[in-house]
Amino acid sequence: MSAPVLIGYFDSEERVLEATRAVREAGHDLRDVYTPYAVHGLDAAMGLKPSRLTWVCFAAGALGCTLAMSLQLYTSVVSWPLNVGGKPFNSFPAFIPVTFELTVLFAALGTVAAFLVRAKLFPGNKRQALPRVTDDRFAIVIAPGQKPNALEAAEALLRDHGAVATDLREVAS
Amino acid sequence: MSNQHLSPLRVPLVSEPRSMGQLTEEICAPMERAPTWKWWVAFGIAVAVLATGAGIVAYQVGTGIGVWGLNKTIGWAFDITNFVFWVGIGHAGTLISAILFLFRQKWRTSINRAAEAMTLFAVMCAALFPLIHMGRPWLAFWVLPYPNTRGSLWVNFRSPLLWDVFAISTYFTVSAVFWYVGLIPDLATVRDRLKAGVRKAIFKVMSLGWTGSNRTWSRYETVYLLLAGLATPLVLSVHTIVSMDFATSVIPGWHTTIFPPYFVAGAVFSGFAMVLTLMIITRVVLGYEHLITLRHLENMTKVIIVTGGLVSLAYATEFFIAWYSGNPYERFAFMNRAFGPYAWAYWTMVTCNVVSPHLFWFKKIRTSPAAIFVLSLVINVGMWFERFVIIVTSLHRDYLPSSWSMYTPTMVEVGTFIGTFGLFFTLFLLFVRVLPIISIGEVKSVLGFARSTPAHPETPPSTRPAPVLDAPEEASAARNHPPLAIATRKDVPV
Numbered sequence: 001m002s003a004p005v006l007i008g009y010f011d012s013e014e015r016v017l018e019a020t021r022a023v024r025e026a027g028h029d030l031r032d033v034y035t036p037y038a039v040h041g042l043d044a045a046m047g048l049k050p051s052r053l054t055w056v057c058f059a060a061g062a063l064g065c066t067l068a069m070s071l072q073l074y075t076s077v078v079s080w081p082l083n084v085g086g087k088p089f090n091s092f093p094a095f096i097p098v099t100f101e102l103t104v105l106f107a108a109l110g111t112v113a114a115f116l117v118r119a120k121l122f123p124g125n126k127r128q129a130l131p132r133v134t135d136d137r138f139a140i141v142i143a144p145g146q147k148p149n150a151l152e153a154a155e156a157l158l159r160d161h162g163a164v165a166t167d168l169r170e171v172a173s
Numbered sequence: 001m002s003n004q005h006l007s008p009l010r011v012p013l014v015s016e017p018r019s020m021g022q023l024t025e026e027i028c029a030p031m032e033r034a035p036t037w038k039w040w041v042a043f044g045i046a047v048a049v050l051a052t053g054a055g056i057v058a059y060q061v062g063t064g065i066g067v068w069g070l071n072k073t074i075g076w077a078f079d080i081t082n083f084v085f086w087v088g089i090g091h092a093g094t095l096i097s098a099i100l101f102l103f104r105q106k107w108r109t110s111i112n113r114a115a116e117a118m119t120l121f122a123v124m125c126a127a128l129f130p131l132i133h134m135g136r137p138w139l140a141f142w143v144l145p146y147p148n149t150r151g152s153l154w155v156n157f158r159s160p161l162l163w164d165v166f167a168i169s170t171y172f173t174v175s176a177v178f179w180y181v182g183l184i185p186d187l188a189t190v191r192d193r194l195k196a197g198v199r200k201a202i203f204k205v206m207s208l209g210w211t212g213s214n215r216t217w218s219r220y221e222t223v224y225l226l227l228a229g230l231a232t233p234l235v236l237s238v239h240t241i242v243s244m245d246f247a248t249s250v251i252p253g254w255h256t257t258i259f260p261p262y263f264v265a266g267a268v269f270s271g272f273a274m275v276l277t278l279m280i281i282t283r284v285v286l287g288y289e290h291l292i293t294l295r296h297l298e299n300m301t302k303v304i305i306v307t308g309g310l311v312s313l314a315y316a317t318e319f320f321i322a323w324y325s326g327n328p329y330e331r332f333a334f335m336n337r338a339f340g341p342y343a344w345a346y347w348t349m350v351t352c353n354v355v356s357p358h359l360f361w362f363k364k365i366r367t368s369p370a371a372i373f374v375l376s377l378v379i380n381v382g383m384w385f386e387r388f389v390i391i392v393t394s395l396h397r398d399y400l401p402s403s404w405s406m407y408t409p410t411m412v413e414v415g416t417f418i419g420t421f422g423l424f425f426t427l428f429l430l431f432v433r434v435l436p437i438i439s440i441g442e443v444k445s446v447l448g449f450a451r452s453t454p455a456h457p458e459t460p461p462s463t464r465p466a467p468v469l470d471a472p473e474e475a476s477a478a479r480n481h482p483p484l485a486i487a488t489r490k491d492v493p494v
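Quick mapping for you: the protein sequence lines, in order, are chains A and B. For the first sequence, the tail end lands on 173 under the UniProt record's numbering, and the numbers increase by one without skipping. For the second sequence, the tail end lands on 494 under the UniProt record's numbering, and the numbers increase by one without skipping.
I should point out that these hints are in silico values taken from the structure, not numbers from a laboratory. There could be a bad hint or two in this list.
What the hints assert, rightly or not - Listed below are the simulated BS3-like cross-link pairs for lysine-lysine, each with C-alpha atoms no more than 27 Å apart in a straight line:
1. A:Lys120 to A:Lys49
2. B:Lys302 to B:Lys363
3. B:Lys106 to A:Lys49
4. B:Lys200 to A:Lys120
5. B:Lys363 to A:Lys126
6. B:Lys195 to A:Lys126
7. B:Lys364 to B:Lys302
8. B:Lys106 to B:Lys364
9. B:Lys106 to B:Lys302
10. B:Lys302 to B:Lys38
11. A:Lys120 to B:Lys195
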């Protein structure tokens with residue numbers, strides 16, 4: 001099963017922002033917008049919700065913190081209590097630096113791993129970028145749907161908002 | 001984004017008008033053309049120095065670290081000085097990337113990639129020293145807590161030296177991840193420019209299938225912000241922990257509570273000096289004067305004025321507290337630093353770190369690349385001497401006059417230090433050749449900074465190219481192949 005998608009190419013950030021807003025207001029099925037750099041305000045224009053990766057970051061950090069503290073307490077208090085200059089075995093403040101470092105390490109690696117999984121980025125990925133969108137073009141991708149004249153209306157809308165070219169492609173739905 | 005809500009007093013960050021396409025071309029150019037003879041000369045020298053250093057390291061590992069100038073009194077000297085020096089240099093990269101990102105300092109975009117790479121290479125150089133200092137580097141894994149066959153013997157988590165292991169390895173890992181995540185969109189840009197071949201295949205794997213989708217960009221920005229937020233306290237913690245190697249001891253001159261902030265300020269100071277050294281060379285050699293502008297250099301010199309001031313304040317505070325504490329050992333340690341046998345090193349340090357940054361108060365000096373270059377080298381020398389002074393002068397005369405001693409480095413120690421410069425510059429020169437050294441995506445986002453939006457020639461719909469909806473098959477096939485350069489861009493319908 002394949003469905004046609006309409007791609008509109010733009011050459012400036014301002015135009016792609018306006019066009020994205022217009023496409024949503026007109027009620028078209030906005031698939032995605034492709035840009036060569038992060039355009040601020042585009043999330044709002046597309047109606048994307050804030051990412052939940054912050055929670056992953058917090059959870060991974062908490063895990064790192066717990067593991068680091070447990071490891072240090074187990075090794076220094078339970079498994080091999082070593083008397084260093086008469087200091088207490090459970091010398092809690094001395095464990096803070098390692099705990100801090102491992103918290104940061106787990107949080108950073110966990111967040112990046114979650115990002116790669118969620119965004120489906122992995123080595124050997126077969127996805128191809130649209131022409132020039134990693135260079136100097138912005139592209140809006142719309143699925144026009146089955147309604148009569150939907151395609152023409154969508155194309156006219158993109159052109160009215162300054163699309164430099166449009167393109168129709170069959171994609172696997 | 002960038003050109004909204006801006007004061008008209010701001011000046012553009014990219015000093016010459018450039019289109020996005022031109023920018024991609026310019027930044028990718030050094031990777032796509034054959035290296036110049038200058039690059040080969042520089043690379044040849046760097047590799048020769050690295051090879052010499054490697055030979056010297058092999059010799060001292062084979063012979064034992066008795067070939068160093070250390071003695072019973074001075075158990076740490078050149079190696080730890082170099083370790084702290086390189087770790088300090090590594091700080092500016094993450095600082096520029098993370099802290100300036102959080103403070104919305106858009107001028108960081110032209111320099112962050114190279115500064116992060118510098119961080120990674122500097123930390124690699126730094127990590128070599130404790131490794132060699134162990135004497136038996138093949139047993140380096142003993143510093144890691146792992147279940148082993150030596151009974152239930154674990155590492156000592158109460159030791160600042162073990163904190164270092166965790167701090168440096170975490171810092172390296174997080175910096176590398178931060179750098180790589182920042183590279184992904186640019187790797188995709190390079191991938192889409194390359195013709196089929198080995199390099200294209202490598203970039204395809206490394207760019208992980210990046211398409212520039214805004215759903216991905218949105219998450220990417222979140223991740224980048226989180227990483228910046230995590231890296232910021234990490235920068236501060238790493239040198240704090242390094243300073244605790246000294247501050248938790250009882251040696252006069254080391255046992256000082258001011259050490260953590262003092263070390264962090266010194267690290268930023270030396271790191272920015274090293275970024276300046278590298279950036280001034282890079283912008284001239286690669287012709288990036290419009291991307292790494294005088295304003296960028298000027299901003300960095302301002303950071304140097306501030307951190308230089310902090311370092312000077314720390315020197316003064318140390319002296320004041322040594323006197324005010326009424327502790328005769330502490331007082332002696334500081335008098336000995338300034339007027340003892342190593343006074344020459346102390347006054348070199350003061351001249352380079354306290355006096356020289358004040359030249360940056362003059363606008364003429366702050367905007368002259370040649371002057372900044374010379375001063376950045378002076379500061380690096382000064383910061384190396386700072387670590388030397390802290391370590392050697394504190395150890396060579398402590399509580400017991402019977403154990404007083406002097407220290408002179410041997411050729412092996414000097415050679416190892418110079419060898420790490422070979423490693424650093426070899427890696428940096430390779431980096432300039434194989435990866436975009438300026439963040440393409442981020443610089444594009446500041447192209448319009450403080451510039452009014454260029455007036456688009458409004459084309460009436462009738463004169464626009466006809467829709468390519470019913471284009472012939474070959475045209476749509478050509479569309480699947482991204483353009484290779486401006487010259488071939490006319491092949492692409494957009």
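Comparing the hints with the structure gives:
1. A:Lys120 to A:Lys49: Cα-Cα ~18 Å, so holds.
2. B:Lys302 to B:Lys363: Roughly 10 Å separates the two Cα atoms, so the pair holds.
3. B:Lys106 to A:Lys49: 25 Å, holds
4. B:Lys200 to A:Lys120: 20 Å, holds
5. B:Lys363 to A:Lys126: Violated. Lys363 of chain B to Lys126 of chain A sits at ~53 Å, over the 27 Å cutoff.
6. B:Lys195 to A:Lys126: Given that 27 Å is the threshold and the Cα spacing comes to 16 Å, the pair holds.
7. B:Lys364 to B:Lys302: Cα-Cα ~13 Å, so holds.
8. B:Lys106 to B:Lys364: Satisfied, since the Cα-Cα distance of roughly 24 Å is no more than 27 Å.
9. B:Lys106 to B:Lys302: 16 Å, holds
10. B:Lys302 to B:Lys38: 31 Å, violated
11. A:Lys120 to B:Lys195: Distance of about 25 Å is within 27 Å: holds.
Violated hints, in rising order: 5, 10; the structure is consistent with all others.
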